[in-house]
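A.B. asks: In order, the protein sequences belong to chains F and X.
Take 1 as the starting number for the first sequence in our numbering and just add one per residue.
Take 1 as the starting number for the second sequence in our numbering and just add one per residue.
Worth flagging that the hints you see were computed from the coordinates, not collected in a lab.
Just to be clear, a hint being listed does not mean it is correct.
To be verified - As a list, the in silico BS3-like pairs of lysine-lysine whose alpha-carbon atoms are at most 25 Å apart:
{"#": "1", "chain 1": "F", "residue 1": "K55", "chain 2": "F", "residue 2": "K113"}
{"#": "2", "chain 1": "X", "residue 1": "K95", "chain 2": "X", "residue 2": "K214"}
{"#": "3", "chain 1": "F", "residue 1": "K517", "chain 2": "F", "residue 2": "K491"}
{"#": "4", "chain 1": "X", "residue 1": "K214", "chain 2": "F", "residue 2": "K230"}
{"#": "5", "chain 1": "F", "residue 1": "K27", "chain 2": "X", "residue 2": "K238"}
{"#": "6", "chain 1": "X", "residue 1": "K189", "chain 2": "F", "residue 2": "K55"}
{"#": "7", "chain 1": "X", "residue 1": "K189", "chain 2": "F", "residue 2": "K14"}
Owing to the predicted nature of the structure, the values given are computational and were not obtained by experimental measurement.
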Amino acid sequence: MLSPSSGNTVIKSKLISRRMFLLTAAKAIVTFGIIGRLVSLQINERTKYKTLSDKNRFREWKLAPERGVIRDFFDKEIASNQQVYQVHLIPENSRDIEKLFVRLKTILNITEKKLFYLRRVIAKQKPWEPIIVSDNITWSEFSRLNLFLHELEGVKPVVSVARMYPDNSSAHILGYVSQVSAKDLQTKKYLKDLHVPGMSIGKTGLERKLDEEIIGKIGFQRYEVNAYGKRIKQILINEGQAGKSFKTTLDFEVQKFTSELIKDKAAAVCVMDVYNGDIVSLVSSPTFEPNEFVHGLDKNYWNSLIKNEMKPLTNKAISGLYPPGSTIKTLVALSALENGVIKPLDTFKCEGKIELYGEKFHCWEKDGHGIVNLRKGIQRSCDVYFYEVARKLGVDRLSETAKKFGLGKKVLDGFIEERAGVVPNTKWKKKFVGQNWYLGETLHSGIGQGYFQSTPLQLCLMTAQIANGGFEIKPRIIFDKKNNNLRDFIKYKNENPNDPLPTDLLVSNFELKPLFKNQEHINLIKDAMFSSSNEPGGTSYRHRWENKKFTFAGKTGSSQIKKFTEAQREAEVKQESLPYKDRDHALFVAYAPHSDPKYAISVLVEHGGSGGKTAAPIAKKVIKKVLERHELRERIDSLLGEQV
Amino acid sequence: MFRSRSIQSSLSIKDKILSIDYILVISVFILGLTSILAMYSTDGGELKYHTQSHILRFFVFFGMFLTLSFIQIRFWHSQSYLIYILFFILLLGVKYFGLTSSGSKRWLDLYFMNLQPSELMKVGLILFLAKYYHRTSIENLNRIRYLFLPIVVLIAPIILVATQPDLGTALLIAAGGLTVAWLAGVRVKFFAISGLAFLALLPIAISFLKPYQKSRILTFLNPERDPLGAGYQIIQSKIAIGSGGLFGKGFLQGSQSYLDYLPEKHTDFIFTLFSEEFGFFGSLFILFLYAIIVWRIIKIGNVTRSNFGKLFCYGFGTAFFIYVVVNMMMVLGLLPIVGSPLPIMSYGGSSMMAIMFGLGVAMSCRVYKDTPVN
Chain F
1 MLSPSSGNTV IKSKLISRRM FLLTAAKAIV TFGIIGRLVS LQINERTKYK
51 TLSDKNRFRE WKLAPERGVI RDFFDKEIAS NQQVYQVHLI PENSRDIEKL
101 FVRLKTILNI TEKKLFYLRR VIAKQKPWEP IIVSDNITWS EFSRLNLFLH
151 ELEGVKPVVS VARMYPDNSS AHILGYVSQV SAKDLQTKKY LKDLHVPGMS
201 IGKTGLERKL DEEIIGKIGF QRYEVNAYGK RIKQILINEG QAGKSFKTTL
251 DFEVQKFTSE LIKDKAAAVC VMDVYNGDIV SLVSSPTFEP NEFVHGLDKN
301 YWNSLIKNEM KPLTNKAISG LYPPGSTIKT LVALSALENG VIKPLDTFKC
351 EGKIELYGEK FHCWEKDGHG IVNLRKGIQR SCDVYFYEVA RKLGVDRLSE
401 TAKKFGLGKK VLDGFIEERA GVVPNTKWKK KFVGQNWYLG ETLHSGIGQG
451 YFQSTPLQLC LMTAQIANGG FEIKPRIIFD KKNNNLRDFI KYKNENPNDP
501 LPTDLLVSNF ELKPLFKNQE HINLIKDAMF SSSNEPGGTS YRHRWENKKF
551 TFAGKTGSSQ IKKFTEAQRE AEVKQESLPY KDRDHALFVA YAPHSDPKYA
601 ISVLVEHGGS GGKTAAPIAK KVIKKVLERH ELRERIDSLL GEQV
Chain X
1 MFRSRSIQSS LSIKDKILSI DYILVISVFI LGLTSILAMY STDGGELKYH
51 TQSHILRFFV FFGMFLTLSF IQIRFWHSQS YLIYILFFIL LLGVKYFGLT
101 SSGSKRWLDL YFMNLQPSEL MKVGLILFLA KYYHRTSIEN LNRIRYLFLP
151 IVVLIAPIIL VATQPDLGTA LLIAAGGLTV AWLAGVRVKF FAISGLAFLA
201 LLPIAISFLK PYQKSRILTF LNPERDPLGA GYQIIQSKIA IGSGGLFGKG
251 FLQGSQSYLD YLPEKHTDFI FTLFSEEFGF FGSLFILFLY AIIVWRIIKI
301 GNVTRSNFGK LFCYGFGTAF FIYVVVNMMM VLGLLPIVGS PLPIMSYGGS
351 SMMAIMFGLG VAMSCRVYKD TPVN
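Just chain X, same shape as in the assembly:
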């Protein structure tokens, strides 16, 4: 153990660069380029605002991802709680200083960009819980008092996000946190009990909601309630994907998105647009890239020696997978419409930032895979 530490601390820059997972980096890069193509198409085949800022964001945050990869894993471990607290403060900031857009308050105006702290919290919570369960011994894992802190750090941001209101992101944050807790060894019965408790408390929580918030939740649960809103979106998305057929309508030929039948085509429905223009094979290609990315992140979890690293990589990899499938299932009409971007593909700086941040931390686990953490 001592030996390995000395080896790790003496890693040369060349060693570090060589130990990067290039398959992951290349996959992310290809996905990024693909997303730029898709964004170009949403702008109607012109290099307009969305495409320009998407290109800028991708390269900036891709650079950030590579840079963060070389930061010591011990730094991430030691600063996990702090990072979580920082993100939480930002979330609180949204509550008081946030920008309101189309009925929900999600963004902080940072002058150079509008930051959506709830996206960052997706990764922040995973980081926090990875550290927490890294440090909790296996005997204490399932003791009630050791469950207290995880529950607080899970519930607090979820409540803040859900009341923005942004139910989709709140659920995705919860999914990441619960995954880490379960992977660490928390018994299934606790999840079941808290699930029941959640259901029991739901009516009380609902009574605090404002009428328009209630209405949103009802629509979420039953899209038929709003056939021209959420229901319309699902129908048009299915038409777009289905009409793409095997080979698609061709680049810049997606009539559904061109003629504005497709809602939110830059963000949540970017996969639909791509699928319409590039067909079944195009969809498989995207799915394949995501599979590689998830696989490589999990692979890092396998090779990294610390449980912190494992928990983070497994947790982040699984969360990443969940983001992808929730978005895809949503646009394929398998899940109700909740706002959930497709990682890297969708337009949106905060989401891109959060994903690249998570990838950076994961890559750091790869570079410092043999470095023990305590």
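In isolation and in its complexed conformation, chain F is listed as follows:
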């Protein structure tokens, strides 16, 4: 049985061979299958797999670009970058982190809380990823750190750059930068490809408006990494591109001067070139320290800002809304003239109050102004005169003129904190208040109270557009050599005084947009404003400049917080004796010099009482400062003009 016969062996051998043949055929098929797979992977899909392999291999680390600087009109850096000294730590390189912390604490000023935070970060990330122990240490700390570096394994002293503001006078208009928040990443599209941990972005003001361009282009280091994410070697470095720098129209000197002038008050000052809308100064007070925001804000400091009732974080010049008060009277008069409702010499009698529609309307001058015409009405700011004018004009025609002059809408571009304010009319009230317009409200509107809401910047723009002869300008803060059409027009006018240009020619030749039907009306208003500031009886007569060079024409105003009661009126209660919160806001708008207007100014002092007493003196000083620097500014301007 176990020793097979020879014949049997042969039959078996044939069987084996036959089956082997079948197996060989199967092997050939499988082999071709494998070759086919190799062809598909290594030839047909090689590009795909090469890409995947590179994706494995390379990883990029982003580098934060250097933020562009912001300069003033005279090329002085008002938001610059400074070297900062930082301490980084690579946990992997340290043998004993706890010992290192103890040592670091003796050299640097590190709190237990910070150490707790660092421990948590270390536990979370890979041991070779650097962490920032401190992002801004002093030079003496930094040099001490370098001295003891040999004992501090894993610690890396790093010199970096960060935002630095030389002064806090422009904190509001410049805004500040701070760490990117989760919300920023969600809402700002441009950050999507740009975000680098530890990078700062603009949160308010110009920093925010310009953020997209001023950040710059991100750089990266490309490393070859292994399967565990450890960097093996650097393949490529791209430094990125520093952000674009911007030149503004601001005058840093005026900013500082003005800021100092109003530092104790809750106030705002705007100064604007009347021909091209260049904002020379825009200051809000009290101010805050923008540098505090760059390296993580101190909680106590934040609380002190939040709790301060003067609201230091608000840019009052563009986000503060105040009834324009008597400053609107210029527009009321202009509107009435333009619409032919009154003539300049039409008179009304002011007896201190007027009774209309069953309601008593008071003039601020209890004893009345007597016979008042337009010029006197503006000079003395007679309320009764403007009650009459407003009554004749109607609120809808007034609102049309007010809107034309820039009230009730945002006048700057890209400032999220700017507010539009309100120019009321019958439709507006119906829509937003849900009630019909009362005729009495027209009278309140006529003296800039009631629903009227405006920002100091809007009032400055309004004044500038009156001062320049009634042409539309757009306020701007980023320096621009172009768009000086109005200047060209004035130049042409001065050279050809006898060339009477019809309105349509103005539009076509100089691309100007007149805001008047008859320019004579504008001149009447300007003359009345002059008398208000420079003739006895005028509301700001006490604060005039005798020097022709600085002579300004202005209009005072005060916006009511609380309605005066009859009792207070009878008792002749003075604003100064009221509690701070109940005092009126003081307003003053002006342009200077009167003979050849160059700048318009608006001043607001919150709860400052009357505009003539509080706001006008501030304006007087700022006007002198601005005009003193005018020649310098013009020289720079002409130099820049030659460059073009």
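Since the structure of chain F is provided, determine the placement of chain X on it from the hints.
C.D. replies: Leaving out everything else, chain X in the frame of chain F:
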């Protein structure tokens, strides 16, 4: 028959040396050198531990292969069962004295090397069944009682290996054994019946498994279950091979293996590494060497006169082929990941030893091709 025996027994040493299949020897040698290059690359282009010990093993076992070639085929025939029993005892030894590494018990510590008896069993079973079917007459081949012994010798080591647990090797052992049985003439219906029986018994077998063993088997059946483990390996292996392209990234330039994306690059994924560095043509070259080796082993089966020799050569040649294609299909993402080394290329002494042992026996069939066996 008598004459041929006298001729064979009177073979001079020169005759013996001349009758060696040089194509096979040279192919194995070239493959060995190639594997040393690949191993050098896995060590990051330095002559480190893996490369050094791979070189040593290759030359030692290559020498063993040549030495075994001159041992009489009748010796192999007469000692087949004993060899099988020896390997089986070693397997049992693993169960009681084995070394445990990463959750499975596969190795015996022999002081100078760690031996993996399951690798030897791959060849041992083929040897056993070649002898068994050599001696079973064609009439008895398909009788139930003659199937009993083969089933026992097949199942016993498989159970031992599968419970190590090392499912891959267990399956490869079974593949070799079944091939020999089928070649010898066992009817296909028996394979079908035992296949069904196996499926029927599977749930019962599973109930004896420990939870972690169950988990391993489930992952084996469905790699998606473990995307960061087995699935990750397949993905990275495909990326490495595909990114090699036509000509490869160049020697020592395989970024996937360099940067540790490739798992098990010394052992199961050595082909991937080679393929990444030498591309499509490199892969074809390796495939070509293996094809020659398999072809030469089968050729020996054709020329050797004894059915023992034929069965062994065909069985071993086919098993060798299966080891190669299972490994390649695994790294190419055509089969799930089971631990299965690439013969000669992969790092591992036991595998090298088993393959060289099988090659030695096959070569002995060549040298003593006309020697009858009974």
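A.B. asks: With the threshold set at 25 Å, check whether the alpha-carbon distance from K95(X) to K214(X) stays at or below it.
C.D. replies: Distance of about 19 Å is within 25 Å: holds.
A.B. asks: Take a quick look at whether K27(F) and K238(X) sit within 25 Å of each other, Cα to Cα.
C.D. replies: holds (23 Å)
A.B. asks: Would the pair K214(X) and K230(F) pass a check requiring their Cα atoms to be no farther apart than 25 Å?
C.D. replies: violated (35 Å)
A.B. asks: Measure nothing beyond the straight line between the CA atoms of K189(X) and K55(F); if it is 25 Å or shorter, mark the hint as holding.
C.D. replies: violated (51 Å)
A.B. asks: Checking one constraint from the list: CA of K189(X) to CA of K14(F), max 25 Å. Satisfied?
C.D. replies: holds (20 Å)
A.B. asks: Measure nothing beyond the straight line between the CA atoms of K55(F) and K113(F); if it is 25 Å or shorter, mark the hint as holding.
C.D. replies: violated (39 Å)
A.B. asks: Checking one constraint from the list: CA of K517(F) to CA of K491(F), max 25 Å. Satisfied?
C.D. replies: holds (22 Å)
Hints 1, 4, 6 from the earlier list are contradicted by this structure; the remaining hints agree with it.
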